[in-house]
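Number of protein chains: 2
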Amino acid sequence: MSSDVAKMAPLQAFSERSECNSLGAADNQRDVLVCGWVYRYRDQGGVLFVDLRDRSGVVQVVFDLAIDADLLKRADALRAEDVISVRGKVRLRDKNAINPKLKTGEIEILATGLELLSKAKPSPIPLDEHDDEASEELRLEYRFLDLRRKPMQEALRVRHEFIRSVRNFLDDNGFWEIETPILNKSTPEGARDFLVPSRLNAGEFYALPQSPQIFKQLLMVAGSERYYQIARCFRDEDLRRDRQPEFTQIDIELSFVDKEMIMRLNQKMIAHACKAAFGIEIDPEPQRITYRDAMELYGNDKPDVRFDMKLVELGDWAPMTEFKVFKGAAETGRLKALCVPGGASLSRKDIDDLTQWVMQDFKAKGLAWVKVTENGLESLITKFLPDAAQKALLERTNAKAGDIIFFAGDRADIVFATLSALRLRLAEKLGMIPDVYKALWVVDFPLFDHDHETNALISVHHPFTAAVPEDARIVLEAAQAETISPEMHKQLLGVRSNAYDFVLNGVEIGGGSIRIHDSKMQQAIFRLLRITDEEAQNRFGFLLKGLEFGAPPHGGIAFGVDRVLMLGLKRFSIRDVMAFPKTQKGTCLMSGAPSSVDDKQLRELYLKSTAQGHGGPKAARAKDGGSGEGHGGPKAARAKDGGSGEGHGGPKAAAEKNKTP
Amino acid sequence: MSSDVAKMAPLQAFSERSECNSLGAADNQRDVLVCGWVYRYRDQGGVLFVDLRDRSGVVQVVFDLAIDADLLKRADALRAEDVISVRGKVRLRDKNAINPKLKTGEIEILATGLELLSKAKPSPIPLDEHDDEASEELRLEYRFLDLRRKPMQEALRVRHEFIRSVRNFLDDNGFWEIETPILNKSTPEGARDFLVPSRLNAGEFYALPQSPQIFKQLLMVAGSERYYQIARCFRDEDLRRDRQPEFTQIDIELSFVDKEMIMRLNQKMIAHACKAAFGIEIDPEPQRITYRDAMELYGNDKPDVRFDMKLVELGDWAPMTEFKVFKGAAETGRLKALCVPGGASLSRKDIDDLTQWVMQDFKAKGLAWVKVTENGLESLITKFLPDAAQKALLERTNAKAGDIIFFAGDRADIVFATLSALRLRLAEKLGMIPDVYKALWVVDFPLFDHDHETNALISVHHPFTAAVPEDARIVLEAAQAETISPEMHKQLLGVRSNAYDFVLNGVEIGGGSIRIHDSKMQQAIFRLLRITDEEAQNRFGFLLKGLEFGAPPHGGIAFGVDRVLMLGLKRFSIRDVMAFPKTQKGTCLMSGAPSSVDDKQLRELYLKSTAQGHGGPKAARAKDGGSGEGHGGPKAARAKDGGSGEGHGGPKAAAEKNKTP
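Chains as they are written, first to last, in full-length UniProt numbering: chain A, 1 to 661; chain B, 1 to 661.
Do not take every clue at face value.
Claimed, not checked - Computed list of lysine-lysine pairs in DSSO-like fashion (alpha-carbon distance at most 27 Å, straight line): (1) A/Lys585 to B/Lys545; (2) A/Lys520 to B/Lys121; (3) B/Lys150 to B/Lys121; (4) B/Lys545 to A/Lys121; (5) A/Lys150 to B/Lys545; (6) B/Lys608 to A/Lys600; (7) A/Lys585 to B/Lys608; (8) A/Lys545 to B/Lys585; (9) B/Lys324 to B/Lys391; (10) A/Lys545 to B/Lys150; (11) A/Lys608 to B/Lys608; (12) A/Lys520 to B/Lys73; (13) A/Lys585 to B/Lys600; (14) A/Lys608 to B/Lys585.
In case anyone wonders, no lab produced these hints; they're calculated from the structure.
Next comes chain A alone, as it looks inside the complex:
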C-alpha cells in the first residue's frame, strides 16, 4: 500500500454514509459514500472491480483507468479485508452484468474517491461465506475474523432478534425484567459451582448462579408477580458439544397462576419468537404427552415427534413365542420392539454395526431383528416364532414387506435407551425426518426418583417442585410417617410433579414447574429427601424463610437460548450461536482465559495455589477446541440437559435426572 493513500485528506464524513445493501436502481446517478471491508476484487485490465462488504451486505465498486488513473493505482494496492471508504456515483450495470443473487446486483458504484481506513494483514482463516474449511481452533483463536463470516453474522443477528422478540412478548404481557445477582451464595448441589473468593470476607466465597431459581421465587414472595430475565447461568461441568461453562436462559416466574396458564403463555411466546427470528412455524398449541407415554412410545422423555415410528409393547406377546430370551425379559424386565419402515434394506453389516453400537453404548446384550418380506419373516429367530406369534407381531407392529423389526428385551432403562437411540439413528439414516419443527410438552414427570446408591428418594427436577394437587396428600402423609414402608415408597415414586418440559424436535429446550409455596409442604419434601433441617437452613434457608411470610402460589419455566438458536439456525454446535464461546476445556482461545495471576492477587484473597507450575502451556490447549464428541454414549443421551430448563438440581438431579418409569 502506497503511503500516499494513508496521508490523503480524509474523505470520511461518516454521517453521509450509505449502507452497502441500501443502494439500488433508485439511487442511479446519486453521489454516495460507502464504507466497509474489501471482500473480493478482480482486475480486468484498466478496470478494477471491488466487492465492498459491510454489515448490511455487499456492493460492487468500480475503479476505472479512464476516469482517474491515480485512483486506480491506489485501489490496485488494496487487498482483502482492508477497511476503506469510497466516494462515487451509483450507476446501473449493463444488462448482462446484472447479478440477480445480490440485492445490489443491478448497480455498481463508479469510484471518485478512496480512503484507506485500515490496512489488513492476510486473514489466517478463509472468510468467504461458502468456505468454512478452517479448523475450529483457528476460528476460535481469530474469533474477531471468524465472526465476519456470513453465517456467524447471521447467528449474532438472529440471536438478537430471537431474544428481542421474547422480551417484547413478555413486556407486552406485563412482565418486568429484574436483575438477580451474579455473585451468589454457594449451595452445593446439582452441578458444581464456579466460586469467587471474597477479598473483604476472608476465607469466604461467592458462587456464580447455576440459575436464578431461588431469587425468582423470592421475587414472587416479594410480590413482583411477573418476572423474567435473560439470565446468564454458570455450571462448572466437564463440557460437551452442547455445553458451555456459561450459557443464557430465558428465566420466567409468575404468581397466581396454574400450570395451564404458564404452558399456554409460553407456547405462544416460543411460537412468536421462533417465527420472528427464524421464520419458522411452530404449532402455538403443541401436542402434550405424559412422561410415561413418552417413555413407552419413544423410549425417552424428549421424543422427536417429527416422525412416527413408535415403540411397540411386546410384554404380553412374548409368551406366544418359544424364545427364552424374550420370555425372560418380559417376565423380569421389558420386551419392546421398533418397526422401521423400509428397514429391510439394511445390510448385514449395517445390522452388525448397530448391534455393536447398542451393546457398547447402551449395555444391550444383543439386538434381535426380523426382516419382513413378501414371503414372510426372515431372521435367525423366526424358528422361535410360531405362526400365530408371527401374525400377532405383524399386526402389533403394523409391519409391511420391506420393513425391519428390532427387539429389545432387558431391564427397562436399557430397553428404552436402546430403542430410543435406534429410532433416532435409523430415522436419520433412512431419511424419515421431515424438515419441519415439531414442539411437544412433556408432563406428569415423577416427582421423585429412587437413588440406587443411597437407597433414598431424590428430586427429579429440583426440591421446590410441587406435586400435582391430586398427589399432594401422599407426600404429606408419607412425611408424617415414622418410617416409609415399601408400599409407601412405591406410592411416592408414583407421585407426579406439577412440572412440564418443552421439547422441540427431540431437544428439551425448556422446563419448569409449579413451585411449592407452602413452607410445611416444602419441609415435608425435604424430610422425604432426607435433607436435615440444618442442611435445609444452610442451603435454602432464605427461601424457606420467605415462604413463611406470605408466599403466593407461583410457578415458572426456563428456556435455553443457546439450544433454541442451534435448532432454529440448524447449527451443529452451541459454539456457533455464541459470539465468544469457550472450548471443551473451558478456555477462550482468543483472549487466553483462564490464565495465571499474580501471587499478590491470591494473597489478597487469602488463597494459595496448590497447582504445579500454574497451568500447562497454551499451545497444548488449542487441541481441545474440537467440534464435539461424536454421537454421544449412553450417559450423554440420558443425562438431563444442563443447557436448558431449570436444572437447578436436587441433590443429584443434574446427573441423574433421567428417571426410570
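For this one, chain A is given, so just place chain B on it according to the hints.
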C-alpha cells in the same frame, strides 16, 4: 387461622383473576376473583374491611355479617400479609365512603368466598408505604418483604421501563445486543478483578469483566458495526454509598462514526428513556463544555449546572491587593473565588464549620471570605484590600449586598476541590438548586495525566482512547522520539482525547470515546505510557492482534444504569434501585453470601485457604449494611466514578482519573 379455611375446596381459578387496580365503577355488579396480600384491615363490628394489595394496586374487600356470618368469621382470622383469593361482587361505595386517593376508590368488593392461599408470620419490617423506619440491615435481611413496599416495587418497575426504553431505542437504530463473556481473562489494571479459579485448568483463573471494553472493540473488528449490551460489570473495590461489587451498564459501540454522531445518538437515547421511565424532560441537545472550562468555572469535571454560581478567576486581581497569601497563591498556584448569592446570612459558626471542613477534607489552608453589605465589604481581610481592589472584586464577582465571597488560593487541585465542594454544599444549604434535570456533555479531556509517583504519563480514560485528530500528530512524533523532552512532555499533557462524558445534575452517568483503530497509533500510546511490548501483549494482546486485521474506525460509550435510576427516582442509595444489593462489605444479608465452602471444593480448584477460621460470624457482618459514608472526603469527591462510564482504566486511571489541568 381456623384450619377450615385451608381445607376449603379451592376457590382459585387463577385464569379468572382480575388485577385489583383494574376494577372500577364500570365493573359495578360484576362477579370477580381477586388475589393478593392483606394490606390493612379494620373491623367495624359486623363488617370487616380488608384492603387487598397486588402488584397493580389496592382494592377494598368487604366481609359482611349480614351476608355470610361464617365467611366473616373466617375473614376475621386474617392478618396483614396473608395471601388470599376472594370471590365477590363489585359494588359502588356510598358517596361519603369514596376514596379519591385510590384508583379503585369508587368501588369495593362484597366478598362471597375466601381462600387462604398462604399464611404470613408478622413482618419484621413495616410495609406501609409511608413508613421506612426499619433499619437498612433489617430491610436487606428481609429483602423479599422490603421489596413489597411501594417505593421498592416502583424502583423495580421503573428500572425495567428505563432499560426497556433504551433497548427499544437501540433496536430501532440498528443495534444488535451481543452477549460477551462473564468468564474473562484477568488483565490487572484499574480496579481489582474478581477472580474465578478454573477447575479444568489447574492454577489458572478467570476474571469477571470490569467492562466488556475489549470485547466490544473486537466486535467492531468483527464487523458487527452497532453493538450494545445491558452488561453486568464487576469491580472488587472497597465499597461506598454508590458502589456495588456488581453493577449494570448500557454498553454501546459503533463503527464508521465520529464523536458528533455518537453524542447525538446517545443524548437522544437518554432523553427518550428518561422521559419514558421517569417522565422527566431532559434537553435532547444538552450544553457542551470543555474539560478546561468545567474545571475553571465549576472546579470539577462533572459540574452541576442546574444553578449558576460559577468560580471567578482572581489570579490577575491578586496584585491589586496587599494580601501576601493571595499574591503568593496567584504566583505559585491559583487564586479563585466563589460568590454565594444571599450567603451573607451565614453565621460565624457556619463559616467556621465550612472552614474546618475544607481544611480537613480538601487540605485547604484556611478559608478567606468577605460579606457584601449595603455599607461595603465586611471581613477580617478587608484591611488588605484597597478600594480599587474591592471595587474590582465586586465587578468581577457580580456580588450584591447580601452575598458572601469565598476565596481559595493554593495549589490548583486544592483550589478546585475546595470551591467545587463549597459551591455544591452552599447551593444545597441555601436552596439554590431547582427541581429540574440538566444534562451536560464534557469534552476535550486531556489524553494523559502526569503521575507524580512514577513521573510518567498515564491514561486519563483508558489506553484505547483516541486523541482528537488535530492532536494525533503530537502523539506519533513523541512516540518516535528517543527521549521525551520537558517541552514535549508538556505538549503531551495538552493533547486532548476524543472522549466525552455525559453528566446529569452533577453526576457522571456516562462516558466514552472514539477508540484507536490503528495498531501503530495504539503501539505509540503504549510506548508513551511505558507499557512494554511484552506487557501489552500479555494484557491486551488479543485486541492488538485484532487491530492488525482490518479494524474500522469506531467508538462508543457506557452509561451506569444504577446511577441514572438513583437520579431519576431521587433515591439516596444505589441499593434502593437494585433488587438484591450487597452491603458495603460485599455481603448479601438475605442469602448470606459470601460463605465458607467445603474443603473438597477448594481442593478441586487446586486452592488452599490461608484465612484464619474462615470468616467471622455472620452477626458481626450485619453492621456494615449502613446507609453510606456521609458527605465523602476529598478522595470520594475526586475519584472517577466507578459505577458509570467506561472506567476500564488505564494503569492507574480508576484511582486517579481526576486530572489537574
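Results of checking the hints against the structure:
Note on A/Lys585 and B/Lys545: the hinted pairing holds, with a Cα-Cα distance of about 23 Å set against a maximum of 27 Å. A distance of roughly 13 Å separates the Cα atoms of A/Lys520 and B/Lys121; the hinted pair therefore holds under the 27 Å criterion. A C-alpha spacing of about 20 Å is found between B/Lys150 and B/Lys121, which places the hinted pair at or below 27 Å, so the restraint holds. Taking the CA atoms of B/Lys545 and A/Lys121, the gap is about 10 Å. The hint holds against a cut of 27 Å.
For the suggested pair A/Lys150 and B/Lys545, the alpha carbons sit about 21 Å apart, so the restraint of at most 27 Å is met. At roughly 15 Å between alpha-carbon atoms, B/Lys608 and A/Lys600 fall within 27 Å of each other, so this suggested pair holds. Under the criterion of a C-alpha separation no larger than 27 Å, the hint pairing A/Lys585 with B/Lys608 is consistent with the structure, at around 23 Å. A C-alpha spacing of about 23 Å is found between A/Lys545 and B/Lys585, which places the hinted pair at or below 27 Å, so the restraint holds.
With a C-alpha separation of about 19 Å, the suggested pair B/Lys324 and B/Lys391 falls inside the 27 Å cut-off, and the hint holds. A distance of roughly 21 Å separates the Cα atoms of A/Lys545 and B/Lys150; the hinted pair therefore holds under the 27 Å criterion. For a cut-off of 27 Å, the pair hint linking A/Lys608 to B/Lys608 stands: about 5 Å separates their Cα positions. Proximity of A/Lys520 to B/Lys73 is assessed by CA-CA distance (about 24 Å); at most 27 Å being required, the pair is judged to hold.
Proximity of A/Lys585 to B/Lys600 is assessed by CA-CA distance (about 21 Å); at most 27 Å being required, the pair is judged to hold. For the proposed pair A/Lys608 and B/Lys585, the alpha carbon gap of about 23 Å is at most 27 Å, so the pair holds.
Checked against the numbered hints above, the structure breaks none of them.
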